[in-house]
Structure formats: structure tokens, C-alpha cells
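Assemble the whole structure, with the sequences as input and the hints as a guide.
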Amino acid sequence: MLDYITSYLSDTVKVTPGQVGNVFWIVVYIFIVFGGVSVAVIAMNWLERKALAHFQIRLGPMRVGPHGLLQPIADALKLFTKEDIIPSAADKLVFWIAPLIILCASFTTYIVVPFGPTHAITDLNIGILFMLGVSSLSVLGVVMAGWASNSHYPLIGALRSSAQMVSYEIAMGLAVVSAVLMTSLNAAGTGTLSMIGIVRAQQAQHVWFLFKFFPLGLIAFVIFAIAMIAETNRAPFDLPEAESELTAGFHTEYSGLRWSLFMLGEYAAMIAVSSIAVTLWLGGWMRPFPNALTGDTWDAVFSLFPGLTFLGLAAICFVGVARMPKHPYFRVQTIGLAGFGAVLGLIGLVLFAPPVRDRIQDIYWFVAKVGVFMYLYIWYRATFPRYRFDQLMKVGWKVLLPIALGVLIATAVWGVLV
Amino acid sequence: MTDATKYLSHLELGEPDKTFLDSNELIINMGPQHPATHGVLRVILKLDGEKVLGTECVIGYLHRGVEKIAEHRTYTMFNPYVDRMDYVAAVSNGLGYCEAVEKLLNIEAPPRANYIRVILTELNRLASHQLWLGTHALDIGAMTPLFYTFRDREEILKIFEKYCGARLTTHAFRIGGCLYETYDGFERDVKKFIDSAPSKIDEYEELLTTNRIWVERTKGVGTISAKDCIALGVTGPVLRASGVKWDLRKAQPYAAYRDFDFEIPIGESGDTYDRYLVRMQEMRQSLRILEQAVGKIPEGPIMAKVPKVMKPPVGEIYHSIEAPKGELGYFIVSDGSTQPYRVRVRPPSFVNLQALDIMVRGQLVADVIAVIGTLDIVLGEVDR
Amino acid sequence: MPEETKTPSPPSGGEPKPAAEAPHRAAAPPKPAGPAPEPWNSSMIGRLKEQYGSGIDPLTYLGQNYMVVDSSLIPELLQVLRDQEEFDYCVDVTALHYPEREKQFDVVWILYSHPRNERIRVKTMIADGEVIPSCVSVWATANWLEREVYDMFGIRFEGHPDLKRILLPDGWKGHPLRKDYGIIQQDNEWVQINLGIESGQ
Amino acid sequence: MTPVATTFFFYFLAAVTVISGLLVITQRNAVHSALALILSLLGQAALYLMLYAPFVAGVQIILYAGGIMVLFLFVIMLVSIEQQQKEEQFNKLWVVGVLAAVALGGLFVGVYVKGKALFSGPVLPFSEPSNTQQIAVLLYGNYMFAFEIASLLLLVAIIGAVVMAKKRI
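Chains as they are written, first to last, in the working numbering: chain A, 8 to 425; chain B, 14 to 397; chain C, 3 to 203; chain D, 466 to 634.
Check before you lean on any hint, since a few could be wrong.
Said to hold, decoys possible - Taking lysine-lysine and the BS3-like style, the derived pairs with C-alpha atoms no more than 25 Å apart in a straight line are:
#1 C:Lys125 x B:Lys116
#2 B:Lys64 x D:Lys631
#3 C:Lys105 x B:Lys81
#4 B:Lys204 x B:Lys309
#5 C:Lys125 x C:Lys166
#6 B:Lys171 x B:Lys116
#7 D:Lys557 x A:Lys405
#8 B:Lys309 x B:Lys175
#9 C:Lys181 x B:Lys81
#10 B:Lys59 x C:Lys105
#11 B:Lys81 x C:Lys51
#12 A:Lys401 x B:Lys232
#13 A:Lys401 x D:Lys631
#14 B:Lys263 x B:Lys309
#15 B:Lys321 x B:Lys81
#16 B:Lys205 x B:Lys309
#17 B:Lys213 x B:Lys240
#18 B:Lys64 x A:Lys401
#19 B:Lys213 x A:Lys57
#20 B:Lys213 x B:Lys171
#21 B:Lys116 x B:Lys263
#22 B:Lys175 x B:Lys213
#23 A:Lys405 x B:Lys232
#24 B:Lys204 x B:Lys240
#25 C:Lys166 x C:Lys105
#26 C:Lys181 x C:Lys105
#27 B:Lys240 x B:Lys116
#28 B:Lys81 x C:Lys175
#29 B:Lys59 x D:Lys631
#30 C:Lys166 x C:Lys51
#31 A:Lys405 x B:Lys258
#32 B:Lys81 x B:Lys324
#33 B:Lys116 x B:Lys81
#34 B:Lys258 x B:Lys232
#35 C:Lys181 x B:Lys324
#36 B:Lys81 x C:Lys166
#37 C:Lys105 x C:Lys175
#38 C:Lys125 x B:Lys324
No wet-lab data here; the hints were simulated from the structure.
Written out as C-alpha cells, the structure is:
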């Protein structure tokens, strides 16, 4: 099977992801990507609490570690050591499996995420289809969790989420198809479903699909951006886990480790769908303005960004150190923050080294673009009230779906005419 | 006064369905432990999918027998208890009780006390509305207003704390006036608050008033007509949002409200959005009252001549004030002894909560949450 | 916190003193005989008297008007008050218990008229165990208010759509606002069965 | 570079598919049956992958495992499970069942025997990267008419379902 997977690597790429035929590199990449995603989820957890807190004029976590940097770890420890409660009337088997399904579904999608032309576990030639398909499996986990809890609120949450996710998948799929359609506008007239192929198509056509056939690409992107929030059950579409209505929706009865698996899966899914959006419309790993600001000088300037970012973060840390109260009580925290800043600064310096710089650039730009989406997720959550279920369905079926269909047809027509 | 004569026919509540457990129907217990029922309210919902077919409120989880306690305390001793009913508007509760007993004793609080009472009560109205706004918005899913309102409510609570030492259950007034003279800088603090508050209210409105999702979630939700409101005895902002211009501060002025110029904001359609707008306007009107009051607190005593041992003559009195939630009435019967023979509290939340059923029939589960929020109930007052 | 007046300071340490202590010199002798209720006359009373005769005893006390009516008049009079006299808003329904009286209970309706901006009370006396017609059909708001009166006093309202306890649990025995119900009294049996507390406290 | 692993995986996946297929009809709890069915469908998707038909595999996952099964679960969840569990698992039509199974088995054997002559040896029909394109050419080229008929039928079914489900339009 591994042979089989490796045989699917695109032959157009010179250094193929995972180094064709080399099982070792695939395994290494799997560990790197899954480890990286887990770290990203932890970071996202901290960032969300912190950013949300600042939106809401409070400080957020401040106790565990300097500025609460160790809070996610403390939370994880707490969740691991918490009593594991299974309701007596629950269907134990299904109750067990549900969070695992969500987790597997959201992590499996990373198999095809292209962090760079050479930085991907593999490159299926049905990549985007695979991603949509596998991420749609997470709804099974939600439904199973809601049913297995044998309680009204989770059941309603599960009903809501299954209806919601299935509905928004359609608009999402149509938006994706219109982006895929754009890949076929080359000399050969053949498109691709491969994630790497899609980015390469944007490279070849010298445009992010966001701006292709303006405003068609933009509309498709916006549809996707809305649908993906609904897909991941985030505010303002967080009805399945609407806190004020259904207490916690489908995971009301879950606690401890299994609850944290849900959270892990949810955040991983958020990052996954964001990476689809980045790949399809925002040029994936490509740096900004690849066609306008060309030349070696610009390349060199943009290649400094990763290092500069880390140096900037380090600088923020040191500002924090300087502003720490000068009291023995805070000594440990101050030293910790300074150490953290120093590590960030060191990483930044390492990233300036030319060979590292060139290898890391793709990943940096990809992650930076995904990061923007992550910030948007938090922003939406701080700003918007929650939709009601019928309104949500109305938006999905009566607004997004027709527009997505229209965009698809318009893209096809435009593509044929041009 | 609007022409209310046309609302005189009574309300058809309809028979509860006999087939309460049909196969398509789902009975769901909302509360008493539920994040959106504002305490320990339990609502039994009969649902068809997500549509509400009927509700039944089960209350009493917070029943402390306040009325029974009153019969075993002297008039003065009972005063702090009333703060524990509507604990987010404790000052209003105290005002109502003190004025009722004053009426029964046939004394009157001096003008300075009345002004202090008005200032504190209006501040309390603001605090109550802010708390309502924050929790209501949180129920509908907007997290952020909660923290904004709590930030500003804090300023009010600080003034209370400086004035009487307590923040929530203030026990600010005494029978016959106020116990405490205003502290140094009281007027400055209030003035500072008045100056900063309008921009803060603008901030809330910016987040919500034109927010599409907010409007969609609240417009046409939980609509109740003026006729139904009056038939169900609903008072306060809920009544005013249905278009009845009735506010006890204007209709039967008490304390020093006669001296101030303010408007009664009313709504048109009586839906959740109108109630939201009415309360936002009310907050601005409260600021207007405060502005007029704070500059010209008259000099003089703050306590009327009150007998040391209060023994009101045999008789009974009903006095009501416009609490933030509606008409808060006290019906006090004296038998000539030091303890009231009977104290009946007419709680606005209790009566308003009755309207929940007709407001949510035919709407969705999510609307129940919105309507419970918009009724602005405090379970301490519902259950007493 | 500086205070320049004779008033006591805010409760920084000790308990707040009873308010009545503040104006010491104002300790007037208690007035056992206060103002007595006086007859109340108005055009409305005239009309009602014409219709119901001696069943109505209109009084006024401290500027507040009320009428003591015979319990046989009850649903009809309230209906008339709502329909003809525009008392469209029933503020409250409550009761009083006088155990030493023959007719133990006073049932009180507090009414308000929006068009007239007028508040009156209607009062009637009934004996223990006697039923009184419900006025839910007159004012819908009476539903919960009557349930509360039933809960607290045990007065049964005839024709109420759903007369059951409202604040106390359904199986509770006793009606706490009756004067013979002690302040710390409770339904020990209920507490033991439902809360599992043996001592009953 | 095919040999061992591929054979192993084939039999592994086949076993998963068949066993979970059996579980579908033997489980007492309808939700467990549905879950087994999902597993069976996923096994089939993997088998498609082994047959170098990635597009079909992807569609299998999206449509069957992701879409249709959710709707299945949706319906099953709302049905009272307790009652079903008390009911008899199999009804008494043993004879008909056996006959149907024998007929189906005979058909399979027939196809297998005859098919050996028709398809000689495992051949890769299309080059992999263009597999998706080839399907498109077949669907929208050669079998255009059949495809359109099928989609029209589905449309009729959808409208019919809406009309039946909605009491008032």
C-alpha cells in the first residue's frame, strides 16, 4: 500500500514530496507534520484565549508561565488526569469511537496538505477530493457522539451538526470545483485535483486564483471561507455546540481526555480547511507578489521574512520582560519569558542562514497564510452573535449554494471564452 | 397615556394539547442547570424538531419565603431582605420597600434624601440594564458585549461601594430617608460616570444594533402585542416595547421623579429587537435624569423624623415603583405592632415570566433562549 | 471617608445601626390610633352601588381606595370593573390570613386602569375551605398569581385552568403563609423522601 | 515492486469489507449496523485505490461514507432503538433467502468463469494521473445519454421527496 501511495507522486515535480519510493522520508514527514499540527493546535489554543481576551478587554491566562504561555500544557495535564466519565446509559463502544473518528478524520487530511513543493507527505492526484472526503467523515464522529451520549442535548446537537455540515459541504464543494476548473486553463487543457498541482497551476498562470477572473475567484473564495467556518462548527455557525442553548451540544456528556480529543480534532480541522483555502485561492506556499516583485533582490528580501518574524516575536518577548514587575515573586516568570524570547531569537537567527532560509521559505509563507485564517476565526468569534438554525440553513441553501453554482457556471463560460 | 381601552378584551391562552407525548414530539428539560436560564429556572419544552409547541415553567428552586420572613421581622429588620430578591437591582427593591413603609407611617423622606435615592436608583437601573445586555447578548452568542458591560457596570458598583460599603446587595436606604450622607466626591464620581457612559453605550450599540446576525436573531422573535402584555400584567420595558407608553415614574411619580425631565422610550412591534432598543434608550434616559439630578442635590437633612420604634397604625398600603424590570409593588398590612402583619411583594419578573409561553409558541429552541434573555428575569425575584 | 454631618458613617467595621436611631430627638410617641379608613365616594362607586347595593363597602385609606365586597359578587364585579370601568390591568392577586376570624381569609385584587391612571383594591373575605371563583378568564395574569395564593394559603380558585403549587414542590404539605405555619416549619416527610436528609433540617 | 505488501493489503481489506458487511446484517443495534456499513464502504474505497481508481475511491468516501451514511444515521438515531432490539432479528423466509443467495452466488461464479476469457490478466487500463480525466471522458462523452437520464431520474426523486415530506408548500 505504501508502494502504492508513493507511486502516486507527481512526476512533474523534480524533488517529489517524501522522496519517491522512499518510505523512510514519508514516515519522517508524517511525524513532522502530525507533531507540528499538534503543536499548532496547542499554540492556537493559547492564542485564541489570549486574543479573545484582548478583544474583550481582559487579560486571559496570566498565571501559568509568563503571560500564560504554559497554560495549554497545564490544561492538557488537567484533562489527562481528569476522571473519565461515561454516562451509564451511553452506548460505550460508540461513545469511545466517536472522538477517535473526529481526530482521525481531521488528522488524515494532512497527508495531502502541501506546505511546499517538496514539503508534503504525499501528493495524491485526487488530493483535494481526498481532503474534502476525509474531512467530511468527521461529521460521523459528531453524529455518533451525539447519539451515543443518550441524552437530549447532545442528540439535538448531533442533528443540527449533521444537517449543517452536509448542507455546507455542497456549497463548499462547488466553490472548490470552480477553483479546480481554473487549473485547467493551460495549454494542454487538462486540470488537476492534486493539491500541489493546483498551486503549480497558479504559479504557471501567474495569478492567485483569488484574483483570477475577478471577481469570480473572489466570490468562490468568500463562499468557501464562509462554508469552512460552518464545516468546522465555529462561531457564528457554532450551533452544534451552542453553549447557551445546548450547553455544549454533541460533546455535553464528554469529559477529560475524550473531550480534549474533540477539541484537538476541531482545531486540527480548522487548520486543515484553512490550508485548503490557502492552497486553492491564496497561492499555497508562494510568497506574495511572485509576479509583480520579481528578481533576485526581491527574492532575497522576501526570504528574510521568516527570520524577521521570529526576531520580532523575540523582541515582543523582551519588551514583556522589561515590563514585568520587578518583584521576586515574578523572577521565575521573567527568566522564563526571557528564555523563551532567546529561543525565538535564536531560531530567527538560524533562519537567516541561506540554506535553511531557502528550505524554510515555502513552509513559512504557507503557515503565515493559514495563520491569517486562524486569526479570522478568533475575530469572528469575538464579534458575531450566533445564527439560528433555520437562518443558517437559509444562508447555506438559498444564498451560498445558488451563488456557488452561478460562479461555477460563470467560471466555466469565461474559461471557454478566454 | 395611550388609548389602552382597546386592549380590554381578555387573552385567549388556548388549551394545552392533550397529546403531550406524540411520537414526533420531543420533551426537553431546559434547566434548572442550564447556562442560559439565568439561574435556576426550569422550562419544560415540547418540541417538534426544533419548533416549540409549548412550554411550562417550573419555578421555586430559589424560594426562600421572603414574605414569611417579613412577618417575623420588624419593619427595619426586613429592609435588607428585599435586596436579596432582585439582586441585580437591589437599590430599587430597597427604594420600593422604604417608600411603602414611609407611606404607611405617613411620613415623607426629605428632598435631599429623595435626590440621593433617585441618583442611586437610576445608577442601579443602568447597572441592571447593562447586566441584562451582557447576558442577553451572550445567550444569543455574542460574547464580547458581556465584558464591555461588566467593565462599565463596575464603575457603578464602585460608586455604590464608596457610598454604602456594599456593591451588590446595598441596603442603601432606610425607612425615612438615607442613612449615609454622600461621600466627598460623590457628585464628581457620578458626573464622571455620566460623561463617559454615552460613548460606552454607543460602543455596545455599535456591536449589536446594526449587526446583521443580531438583527436577524432578534427581529420578529418573541413578539407580544400590547393587548397581550396588559392582559398578562407584563410591565416595564417589555410592555413599553409593545408600544404602551407607561412608566410609573411618569404615571404615578414617586421619590423626586416629578422634578426631572425625561422621556419614555417605546417600541412598535414588541419583538426582541424592540425591547433591546427600548432598554438601550432607557439607559440614555437614565443618564439624562442623572445629569439633571447630580448638579442640584438640595441641602438639608437626609432623614425624616422617624419614630424609634416603628409601629404603623392598623391599615394597609400598596406602593409600587418602576424597577428596571417593571412594576415592583409592596402590599404591606400593619396590625399596629412592630412587625408587619403581611408583606406581599409584587415581583415584576414573576409576572413577566408568565408571558414566556405565548412569546415562544411556534418559534425555535434558539428563540426560547433569546426570549428568556429579553424578559430580563432574575430568579431571586421570581421565586422570592 | 470624611463625614461632616451628624449621620453615622458607612459600615466600615460594625453593623449598620437601625435607621430609627438616627434622629434621636424625633422619638415621637407611637400613634396607636392612626388615620382611620374613610368612606370613598366617586361616580364609579355610585354606579357600582346602584348595581350591587350593599354588597360593596368602598373605603379610602392614606389616599388609596379600596372596596370590601361580598364574596358572592366576585367574578361578576371584577368583570364589570374590567369591561365597564376600564381596569384593564390586574396588578396582583394576594391574600391575608386572620386565623381568629370566622372568615379566615382576605383575598385582595390590586387593579390598575391604564386609561384612568387609577389604582384600586378589591377585597373579599372567605372562610377556610371555601372556594372562590377564579378570575383567569378576566385577566390572564391571574393564572400564576392565583396559583401562588393557592400554594401559600391553600385557597382554591374554582375554574382555574391548572391550579397546582407553583413555588413549593408538588407534593408539599401545608401552606406556609398561613399564620399557623411556623417560620421554621417544613414538610419533614417530603424533605426526607426527596432530599434524603434524615434529620429533616 | 508490487508483490507481498499488495497481496497482503488486498486480503486484509477484503476481509475488513466482508466481515463488516456481515456485521451490518447481524448487529442487533441499528446504529452499530450503520457503523459497520461505514467501515465496509471505507474498505471498498481502499480496494478501489488498489485497483488504481482513486477518483472512484474519493467519490465513494465523500458520497457514501460521508454523505449518505450521515443521512442513514440521521434517520436511525430518531427511531426508538429499544423496540427494535426486542424484535426478532430474522424473519421466517429462510427458503427464499437461501434461493436468492444461491442465485446470486451462481451469477458470481458464472461471471468469474466467463470473465476469465474476456479479461486476460490484470491490466492497467489507464495511466494513473489521467485516470480522473478518463472517467470524465467516459461519463460526459461515451455515456452522455445514460448519465443525463440518471441525473434526470435523481432530480425527479428529489422533487418527489420534497413534495412528500413537506405538507404545505
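(message) B:Lys116 and B:Lys81 were given as a pair; does the straight-line alpha-carbon distance stay at or below 25 Å?
(response) holds (22 Å)
(request) Quickly compare the C-alpha distance for B:Lys59 and D:Lys631 to 25 Å and report which way the hint goes. (result) holds (21 Å)
(request) For the pair supplied as a hint, C:Lys125 and B:Lys324, confirm whether the alpha-carbon distance does not exceed 25 Å. (result) Roughly 24 Å between the alpha carbons, so the hint for C:Lys125 and B:Lys324 holds.
(message) Check the hint pairing B:Lys81 with C:Lys51 against an upper bound of 25 Å on the C-alpha distance.
(response) violated (36 Å)
(message) Need the status of pair B:Lys205, B:Lys309: alpha-carbon distance at most 25 Å?
(response) The hint holds at about 16 Å.
(request) Decide if the proposed pair is consistent with the structure: A:Lys405 and B:Lys232, CA atoms, cutoff 25 Å inclusive. (result) Roughly 20 Å separates the two Cα atoms, so the pair holds.
(request) Given the hint that C:Lys125 pairs with C:Lys166, test it: the Cα-Cα distance must not exceed 25 Å. (result) holds (23 Å)
(message) Holds or violated: B:Lys321 and B:Lys81, Cα atoms, limit 25 Å.
(response) holds (24 Å)
(request) Would you mind confirming whether the straight-line C-alpha gap from C:Lys125 to B:Lys116 stays at or under 25 Å? (result) holds (20 Å)
(message) With the threshold set at 25 Å, check whether the alpha-carbon distance from A:Lys401 to B:Lys232 stays at or below it.
(response) holds (16 Å)
(message) With the threshold set at 25 Å, check whether the alpha-carbon distance from B:Lys64 to A:Lys401 stays at or below it.
(response) Given pair B:Lys64, A:Lys401 holds - Cα atoms ~16 Å apart, limit 25 Å.
(message) Hint check: C:Lys166 vs C:Lys105, CA-CA at most 25 Å. Holds or violated?
(response) holds (23 Å)
The structure is inconsistent with the numbered hints 6, 7, 10, 11, 17, 24, 27, 30, 31, although it conforms to all the rest.
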